[in-house]
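Asker: Start from chain A and add chains B and W according to the hints.
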Amino acid sequence: MSDTLLDVENLWVKFPTRNGIFDAVRGISFSLGRERLGIVGESGSGKSMTGRAVLKLIRKPGFVEADRMVMGGTDLLTATEKDMRAIRGRHAAMIMQDPKFSLNPVMTVEQQMVEALTTHEKVSKREARTRALEMLDAVAIREPERVLKLYPHEVSGGMGQRIMIAMMLIPDPEILIADEPTSALDVSVQLQVLEIMDKLVKDRGMGLIFISHDLNLVANFCDRVAVMYAGRIVEVCEAGKLHEAQHPYTRGLLNAVPDLEHPRERLEVLERDPAWRETPSVSAR
Amino acid sequence: MSEISQTRDGQQGLAVPPWLKKLVATLLTVAVTLLGLLFVTFMIGRVMPIDPVLAVIGERATQAQYDAAFKELGLDKSLLEQFLIYVRDVLSGDFGKSIRTGQEVTTDIARVFPATLELATLGTVIGIVLGVPLGVMAAVYRGSWIDQLARFVGLIGYSMPIFWLGLVGLLIFYGILDWVEGPGRLGVFYQGLVPERTGLLLVDSAIAGDWTVFKNAFGHIILPASLLGYYSLAYISRMTRSFMLEQLNSEYVTTARVKGLSERKVIWRHAFRNIRIQLITVIALAYANLLEGSVLTEIIFAWPGLGSYITTSLLANDMNSVLGGTVVIGTIFVALNIFSDLLYRVFDPRAK
Amino acid sequence: MTELPNPQPKPGWREWLLTDAPASRGQARAAAWYAGWLALRGNTLAMFGLLVLLFLILCALFAPLLASQDPFVQDLGARLLPPGSEGYIFGTDSLGRDIYSRLLYGARISLYIVALVALVAPLLGLIIGTIAGYAGGWVDVVLMRFTDIFLAFPRLILALAFVAALGAGIENAVLAISLTAWPPYARIARAETLTIRNSDYIHAIRLQGAGPVRIITRHVWPLCISSLVIRVTLDMAGIILTAAGLGFLGLGAQPPSPEWGAMVSEGRKYILDHWWVATIPGLAIFAISLAFNLLGDGLRDVLDPKESKS
Numbered sequence: 000m001s002d003t004l005l006d007v008e009n010l011w012v013k014f015p016t017r018n019g020i021f022d023a024v025r026g027i028s029f030s031l032g033r034e035r036l037g038i039v040g041e042s043g044s045g046k047s048m049t050g051r052a053v054l055k056l057i058r059k060p061g062f063v064e065a066d067r068m069v070m071g072g073t074d075l076l077t078a079t080e081k082d083m084r085a086i087r088g089r090h091a092a093m094i095m096q097d098p099k100f101s102l103n104p105v106m107t108v109e110q111q112m113v114e115a116l117t118t119h120e121k122v123s124k125r126e127a128r129t130r131a132l133e134m135l136d137a138v139a140i141r142e143p144e145r146v147l148k149l150y151p152h153e154v155s156g157g158m159g160q161r162i163m164i165a166m167m168l169i170p171d172p173e174i175l176i177a178d179e180p181t182s183a184l185d186v187s188v189q190l191q192v193l194e195i196m197d198k199l200v201k202d203r204g205m206g207l208i209f210i211s212h213d214l215n216l217v218a219n220f221c222d223r224v225a226v227m228y229a230g231r232i233v234e235v236c237e238a239g240k241l242h243e244a245q246h247p248y249t250r251g252l253l254n255a256v257p258d259l260e261h262p263r264e265r266l267e268v269l270e271r272d273p274a275w276r277e278t279p280s281v282s283a284r
Numbered sequence: 000m001s002e003i004s005q006t007r008d009g010q011q012g013l014a015v016p017p018w019l020k021k022l023v024a025t026l027l028t029v030a031v032t033l034l035g036l037l038f039v040t041f042m043i044g045r046v047m048p049i050d051p052v053l054a055v056i057g058e059r060a061t062q063a064q065y066d067a068a069f070k071e072l073g074l075d076k077s078l079l080e081q082f083l084i085y086v087r088d089v090l091s092g093d094f095g096k097s098i099r100t101g102q103e104v105t106t107d108i109a110r111v112f113p114a115t116l117e118l119a120t121l122g123t124v125i126g127i128v129l130g131v132p133l134g135v136m137a138a139v140y141r142g143s144w145i146d147q148l149a150r151f152v153g154l155i156g157y158s159m160p161i162f163w164l165g166l167v168g169l170l171i172f173y174g175i176l177d178w179v180e181g182p183g184r185l186g187v188f189y190q191g192l193v194p195e196r197t198g199l200l201l202v203d204s205a206i207a208g209d210w211t212v213f214k215n216a217f218g219h220i221i222l223p224a225s226l227l228g229y230y231s232l233a234y235i236s237r238m239t240r241s242f243m244l245e246q247l248n249s250e251y252v253t254t255a256r257v258k259g260l261s262e263r264k265v266i267w268r269h270a271f272r273n274i275r276i277q278l279i280t281v282i283a284l285a286y287a288n289l290l291e292g293s294v295l296t297e298i299i300f301a302w303p304g305l306g307s308y309i310t311t312s313l314l315a316n317d318m319n320s321v322l323g324g325t326v327v328i329g330t331i332f333v334a335l336n337i338f339s340d341l342l343y344r345v346f347d348p349r350a351k
Numbered sequence: 000m001t002e003l004p005n006p007q008p009k010p011g012w013r014e015w016l017l018t019d020a021p022a023s024r025g026q027a028r029a030a031a032w033y034a035g036w037l038a039l040r041g042n043t044l045a046m047f048g049l050l051v052l053l054f055l056i057l058c059a060l061f062a063p064l065l066a067s068q069d070p071f072v073q074d075l076g077a078r079l080l081p082p083g084s085e086g087y088i089f090g091t092d093s094l095g096r097d098i099y100s101r102l103l104y105g106a107r108i109s110l111y112i113v114a115l116v117a118l119v120a121p122l123l124g125l126i127i128g129t130i131a132g133y134a135g136g137w138v139d140v141v142l143m144r145f146t147d148i149f150l151a152f153p154r155l156i157l158a159l160a161f162v163a164a165l166g167a168g169i170e171n172a173v174l175a176i177s178l179t180a181w182p183p184y185a186r187i188a189r190a191e192t193l194t195i196r197n198s199d200y201i202h203a204i205r206l207q208g209a210g211p212v213r214i215i216t217r218h219v220w221p222l223c224i225s226s227l228v229i230r231v232t233l234d235m236a237g238i239i240l241t242a243a244g245l246g247f248l249g250l251g252a253q254p255p256s257p258e259w260g261a262m263v264s265e266g267r268k269y270i271l272d273h274w275w276v277a278t279i280p281g282l283a284i285f286a287i288s289l290a291f292n293l294l295g296d297g298l299r300d301v302l303d304p305k306e307s308k309s
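So the sequences go chain by chain: A, B and W.
Heads up, the first sequence is in numbering that gives the first Met the number 0, so the first residue is 0 and it goes up one at a time.
Heads up, the second sequence is in numbering that gives the first Met the number 0, so the first residue is 0 and it goes up one at a time.
Heads up, the third sequence is in numbering that gives the first Met the number 0, so the first residue is 0 and it goes up one at a time.
In short, the hints are calculated from the structure, not lab data.
Mixed in with the good hints, there may be bad ones.
Example chain B residues on the side facing chain A (calculated, C-beta under 8 Å, incomplete) [claimed, not checked]:
#	residue
1	257
2	261
3	272
4	349
Counterexamples of contact, computed for chain B against chain W with all Cβ distances above 10 Å [claimed, not checked]:
#	residue
5	264
6	298
7	343
8	344
Pairs of lysine to any residue residues, derived as SDA-like cross-links and limited to a Cα-Cα distance of at most 25 Å, are as follows [as the list claims (entries may be wrong)]:
#	chain 1	residue 1	chain 2	residue 2
9	A	99	B	147
10	W	268	B	175
11	A	13	B	139
12	B	20	W	139
13	B	264	A	216
14	A	81	B	247
15	A	59	B	144
16	A	55	B	139
17	A	59	B	316
18	B	264	A	130
19	W	268	B	314
20	A	99	B	316
21	A	59	B	246
22	B	264	A	85
23	A	99	B	244
24	B	264	A	223
25	B	21	B	279
26	A	59	B	271
27	B	21	A	152
28	W	268	B	316
29	A	59	W	41
30	A	99	B	144
Just so it is clear, CB atoms sit at the ideal spot from N, CA and C, and this is done for glycine as well.
Just chain A, same shape as in the assembly:
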């Protein structure tokens, strides 16, 4: 892979607790090109931690260990906090679950968007504002002039998430990490938001890490899917071939979803085999 944006080998995320060290992520490897990689798993499987570990945003006292973690030309393992600040936002950005919480409630949309840009580029206020307007336009927000003046509580969830996407893409990063970007949204706007995000990612040739608990959603919007369980990747497959998946966990997840075309009397309950925890990670490089 010549165009690797991110390469991670043997990544661990650890939290010291009173009863020893808790491993949230246990030695996973993956890489990301200009493609859309889905990470799927149940809550607590370590998928969100993986996303945050890439940006080195694991909250203390948690910490990250890996054999290799390279983004673009930068070795993230040896990068200082200052280096990381230059990378965050500029090279890799992240969208979080609920715009109600992920946007600052007491700053206007304009202040927040402009700040995202001026942190990385020396531009005039005016130019930053123009770029913000363009970006809002790109995420299909009408009347962007007016929206700039609003506070986050004055916009709906779907619009908030589009603002979030616009804000994160303003400095033109190569990697976008989307952590359950639509889980908190109304079902009616979920697809719209995803399509906007998808289009932007494709047009700009970015790499996308799409973290979700929803297998089918991920299958529709990604090229590759990594399935995580208990801090490890248990299976990796092409999104189109998801239904040929082998691992019993993946199969279990697929079977636990209702299907309109093949209605069943009862949905399957996922039976977890303790042995899964111990099988080594599958590489997604």
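Answerer: Below, chains B and W alone, put in the same frame as chain A:
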């Protein structure tokens, strides 16, 4: 634009705008609270064991004089009437005469209040300047030495009797080290040198440009103000810390970090901005508490303020002055509460 | 911290207390208390506070045995002796009374005041709060407005005014502090009552014919107790400080009573030349309120895990 209009429209077309309703409700609450305040002080004045008539005319008056005074004080009227008269008097700024000083209580209070105001204000300023950064740092570096320090400062502040701390402070900084001036507001030789404009000595001497007086007044005020400041520092830092912890755990802080902002900007521009309004409430409360805390401090430092006035009057059984002072401080409490409530409405975009 | 002065359980008690399947209500309750105790024991500062308090209680209880002098006997020949003088560990005051002995007897007064206020104020708040919460409607509005009015007053100043009206003295100080301390308890009790009032079991009891008085006293009160207890423990230091403040102003216990606040006040005149007269009783006040604060923080962590996170 249905997305936006939900929150904006919907309330239009009503005869009474909502803000007016809120205003009326607030004013009513204030009126009821103030009335209740007066009722409590009125009742305290009635149940006290001292005969108010004898207090005015003295022990050796004749029965006729007694009856006349009894009537003049309105004690022959019903309790309700007496209360209404009391409310009317207070509203027109009349708390009666002080038996101790022989002057109108209102005049007395106007004379002593600036001293308390100056002390409490300087104390609160010290509390804010030190307490807010300490609280923020304690939250940011949770569990570190600075957090422990904040906790220690708070614990001591909540446990130390203020009058005792004042005495020990006098002993150390005045008696032993001689760094500050002694009790009182101003040295004997400096009194009457600057014209009184605001009643606040520091301000008056600064206006007059008399820096020797300023220096002396500062030497007098700095110790009591620092002690009071310590108490509000304990309170303000504790609240700041807990507000900040809440904010630092929220998602928008992560967003700010994802954008690549420096930690300084994440803390001050993002997290701190969200606690400013809560902080105003805390500071208003701290200020009110200092007005109260100044009662004991003023005694220790022979500070001629409202606190000294109330306690000296109390010991002289001068009820009019005590109740007048109580009403004034109570009213300030209520006013500060409303003030912070209003600021909330004005500055929090979510409250509009 | 391996063995602390709790009654050493007999063999088997521990198991009985720590069982997952209590056989009786009594055992379940005892187990809950024991679990709380274990959590509290892990909190070093809280245990320190508890030890200091136990020590002070013992001092108060055995004051007559521990005292080296009669706390009231004046000896003008031995006035203002510094600490460490023979027979006077902490020195003597301006009337030649032994400060150490007066401190011991003073502990009785402080604990007496705290205990009384801690009983009276929450009870007052409990009654008002539960009635307001249970009755609802205009009773609620009136009572809560009343509560707010009291909250609007600065506490020390209100207490001053009450003492002025009632006359100085320990009992009146207790009454005055209680009268200023009840509003927060009323608010807590009301909030609890509001959640309890509409629960199904209250409806069931009402259907069985229980009257409001019975429901409030038997079914609402017991559930309000725990949150009130936390609040009271946290407030104890404040009560001590207010009581000492009143004593300092000459409005609490009257001379020659060895109340700590009054002792500080007596020593005030001599602070520059005879520091110990005012400083030592002040240290005692500080110690007891610090102990209450430490214990209160620890108890809150144990009993109210939601709050402890902040």
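Asker: Can you verify the interface hint for residue 349/B: is its Cβ closer than 8 Å to any Cβ in chain A?
Answerer: holds, 5 Å
Asker: Holds or violated: residue 99/A with residue 244/B, Cα cutoff 25 Å?
Answerer: Holds, at about 19 Å.
Asker: Tell me if the straight-line CA distance from residue 99/A to residue 147/B falls inside 25 Å.
Answerer: violated, 33 Å
Asker: Beyond 10 Å from chain W, beta-carbon-wise, is residue 343/B?
Answerer: Given that every Cβ of chain W is farther than 10 Å from that of residue 343/B, nearest at about 17 Å, it holds.
Asker: Does residue 316/B sit within 25 Å of residue 268/W, going by the straight-line distance between their CA atoms?
Answerer: holds, 23 Å
Asker: Compare the distance between the alpha carbons of residue 59/A and residue 246/B with 25 Å, and conclude whether the hinted pair is satisfied.
Answerer: The hint holds at about 16 Å.
Asker: Under the criterion that the straight-line Cα-Cα distance not exceed 25 Å, is the pair residue 264/B, residue 85/A satisfied?
Answerer: holds, 14 Å
Asker: Taken at face value, is the distance from the CA of residue 271/B to the CA of residue 59/A at most 25 Å?
Answerer: holds, 20 Å
Asker: Check whether the Cα positions of residue 59/A and residue 41/W lie no farther apart than 25 Å.
Answerer: Answer holds: residue 59/A to residue 41/W is near 24 Å, not above 25 Å.
Asker: For the pair supplied as a hint, residue 99/A and residue 144/B, is the alpha-carbon distance within the 25 Å limit?
Answerer: Violated, because 34 Å separates the two Cα atoms, which is more than 25 Å.
Asker: Check whether the Cα positions of residue 55/A and residue 139/B lie no farther apart than 25 Å.
Answerer: holds, 18 Å
Asker: For the pair supplied as a hint, residue 264/B and residue 216/A, confirm whether the alpha-carbon distance does not exceed 25 Å.
Answerer: violated, 36 Å
Checked against the numbered hints given earlier, the structure breaks hints 6, 9, 13, 17, 20, 24 and 30 and satisfies all the rest.
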